[in-house]
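Undergrad: Protein chains in written order, with our numbering: chain V, 1 to 390; chain Y, 391 to 780.
Honestly, the hints are just simulated from the structure, not real lab data.
Now the stretches of chain Y that chain V is said to cover, found in silico as 3 or more residues with beta-carbon under 8 angstroms: (1) 431–443; (2) 449–459; (3) 472–484; (4) 620–633; (5) 639–649; (6) 755–768.
C-beta atoms are modelled at their ideal positions from N, C-alpha and C, and glycine is treated no differently.
There are 2 protein chains.
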Amino acid sequence: MKIEQVDFFYYAMPEVTTEADGSQDVLLVRAAGGGHVGYGECEAAPLPTIAAFVCPMSHGVCRPVGASVLGERLDGPDDIRRMAQAVAYDSMDLLQAAHCWSGVEMALWDLLGKARQAPAWSLLGHARSLPRTPYASQLFGDTPQQTLDFGRAQRAAGFRAVKFGWGPIGRFGEAVDRDHFVAAREGIGEDGVLLVDVGQIYGEDVEAAARRLPALEQARAHWLEEPFHGHSYESYGALAGRSRVRLAGGEAAHNVFMAKHLIDYGKIGFVQIDCGRIGGLGPARAVADHARARGVTYVNHTFTSHLALSASLQPYAGFEECEICEYPVKPKPVATAFCGTPLAPGAEGAVRAPERPGLGVDVDLAAARPYLLDIEIRVGGRRLYATPVD
Amino acid sequence: MKIEQVDFFYYAMPEVTTEADGSQDVLLVRAAGGGHVGYGECEAAPLPTIAAFVCPMSHGVCRPVGASVLGERLDGPDDIRRMAQAVAYDSMDLLQAAHCWSGVEMALWDLLGKARQAPAWSLLGHARSLPRTPYASQLFGDTPQQTLDFGRAQRAAGFRAVKFGWGPIGRFGEAVDRDHFVAAREGIGEDGVLLVDVGQIYGEDVEAAARRLPALEQARAHWLEEPFHGHSYESYGALAGRSRVRLAGGEAAHNVFMAKHLIDYGKIGFVQIDCGRIGGLGPARAVADHARARGVTYVNHTFTSHLALSASLQPYAGFEECEICEYPVKPKPVATAFCGTPLAPGAEGAVRAPERPGLGVDVDLAAARPYLLDIEIRVGGRRLYATPVD
Chain V
1 MKIEQVDFFY YAMPEVTTEA DGSQDVLLVR AAGGGHVGYG ECEAAPLPTI
51 AAFVCPMSHG VCRPVGASVL GERLDGPDDI RRMAQAVAYD SMDLLQAAHC
101 WSGVEMALWD LLGKARQAPA WSLLGHARSL PRTPYASQLF GDTPQQTLDF
151 GRAQRAAGFR AVKFGWGPIG RFGEAVDRDH FVAAREGIGE DGVLLVDVGQ
201 IYGEDVEAAA RRLPALEQAR AHWLEEPFHG HSYESYGALA GRSRVRLAGG
251 EAAHNVFMAK HLIDYGKIGF VQIDCGRIGG LGPARAVADH ARARGVTYVN
301 HTFTSHLALS ASLQPYAGFE ECEICEYPVK PKPVATAFCG TPLAPGAEGA
351 VRAPERPGLG VDVDLAAARP YLLDIEIRVG GRRLYATPVD
Chain Y
391 MKIEQVDFFY YAMPEVTTEA DGSQDVLLVR AAGGGHVGYG ECEAAPLPTI
441 AAFVCPMSHG VCRPVGASVL GERLDGPDDI RRMAQAVAYD SMDLLQAAHC
491 WSGVEMALWD LLGKARQAPA WSLLGHARSL PRTPYASQLF GDTPQQTLDF
541 GRAQRAAGFR AVKFGWGPIG RFGEAVDRDH FVAAREGIGE DGVLLVDVGQ
591 IYGEDVEAAA RRLPALEQAR AHWLEEPFHG HSYESYGALA GRSRVRLAGG
641 EAAHNVFMAK HLIDYGKIGF VQIDCGRIGG LGPARAVADH ARARGVTYVN
691 HTFTSHLALS ASLQPYAGFE ECEICEYPVK PKPVATAFCG TPLAPGAEGA
741 VRAPERPGLG VDVDLAAARP YLLDIEIRVG GRRLYATPVD
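Kindly produce the complete structure, drawing on both the sequences and the hints.
TA: This is the structure:
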């Protein structure tokens, strides 16, 4: 088939706050061709991302993403890889291109899967979709008591594994951080899997992060996620091995190289890939292969809708050694509105990439309409983008 | 002073082609405060870059660049560094932010320099601005004969050092590449300094690049620039040391980490920094210091206007070991129109960062008006950006 049309829908909560909650807006991508429709989602600032698809060309290697996609043939996975290479080269000087292409690439796997009646994970080369233990992903509380309550609530909701992230950590000294780690452990119970995400708060300060290691060990944290700037491989490498708490990172990777470098130079134990940033499912699968070869555990990164959740599960669907998956438990209504078929944990509490064609998530644009933002971009008298009619 | 206003002007040639010529459009930044005005330039796709400044916030670490700049105090270099940190953290999930901030940061040094009556290089800690031998930077010809002619023309124009880039190299086999290298050497003469830029054409293919080394040695190329993808440190590292032709790279760096990694992991001999991408003059100065400590030569990267050229010369203005500088010789009219005071080579054929306040380049908006594109961005009924009145 030919890729006939690609549309972007920008949905947002009526009020967006400075909370580190990425589910406050959504950039949905719809790709159409051959009588089928596929959906994807960019984990990105919507307006610059739309601009990256429609902008005028600046020169030969600063072309809009749309130039590598619209009108192209899509008959198999190799076509998606070909377009990925075209974007990487022809848009090499357009920084936002990676985030933009990520959602488009996802939509193309969904489209191809629907045309072929095959799940995306099978098109990616996996023989099956294995069950994952979902870890409830949420922010730390403002106070240790709130963190404790959040942990208890997730445990009561049936989650054995719980991740706490961001919030007050790193901002009020070691004692406050320790109290939150202790509260988190108490909240989820002695046999729970505790994951801690500190959102790059220590920058490049290895010693500041290292001072938290005893408390993290005491709380038996399964991993310490993103202690540093995503590019500071030296800091990761220096902290790794200083305790039995292994490091996790990779969500910032906007290409395969970055994720590989975090593994090879940063010595992380878990690599977390967001398909909405790294360039979609194909690059994520390449990272999963590299991680496996290095004895590093691949984990999905996702914090918005169940469409993004499904996408995030595809690249490592058949890998037995990867037992857990991130599972957003408190998404804002804008991130749940358009997903007609949420990926609820099954009877044994497990989640898996759907057996249905493509990403296997029905999208209900009408239900999301209250959140749709009306956008218009005009350049030199020409309208380059207007919110499409759904 | 307080930063009262930041404006973006998007200029473009009437027709923009797929030629690898970055001077076909310009994104000029104007920052105003305390009765002064400063100018900078983003080396970036203009539309997504403007969007990165004005877009709605997505969450706490996906804020528009404008949120870290507008209304802020600017009383000294530390204020610029503080804003840089704010952008890096609060816009960490906005990929285009680095390219956007680059031009703004540049404009803030210009503004601060004008307010203090000091050149930007002195505010950056340099004691003086040393003369540089400009190398004429141009594309390879379509044919070896054209490459030969280009070389002769630059030599006749007084340039002893000439860089040839992109074009046919890597696209038609080793023999064609060799013919161009030989022609380039012949064109600039036996005593000329020959620089070769192949624009990432070999991707990650170390052997493909290695097969060109004998011809590059024979042509006595001073460096081989960007043989690989900007993130492929492994490929750079594998090629470095395989001949006496040292590697050059770094223009794609959009933060200090990337440039350091290309030095430390990629073993390049020359690091080329574009202030319009790496986050402006401050990060570029940090790279220059790192390069010096590692015995690597810092070189500016610039291919557009003389405002960008001046900016590119500031970070290493006082370093004696850096003898040459890139000097665009065939910019499109849009890139020359607004620069009232071009940096022409002096009597000895040398170029240097101006002794005048800030970046030392007068900007003439009226002269550039024929190239100004009329842009409008509306979100949710609100006009977030419209081309400002100059």
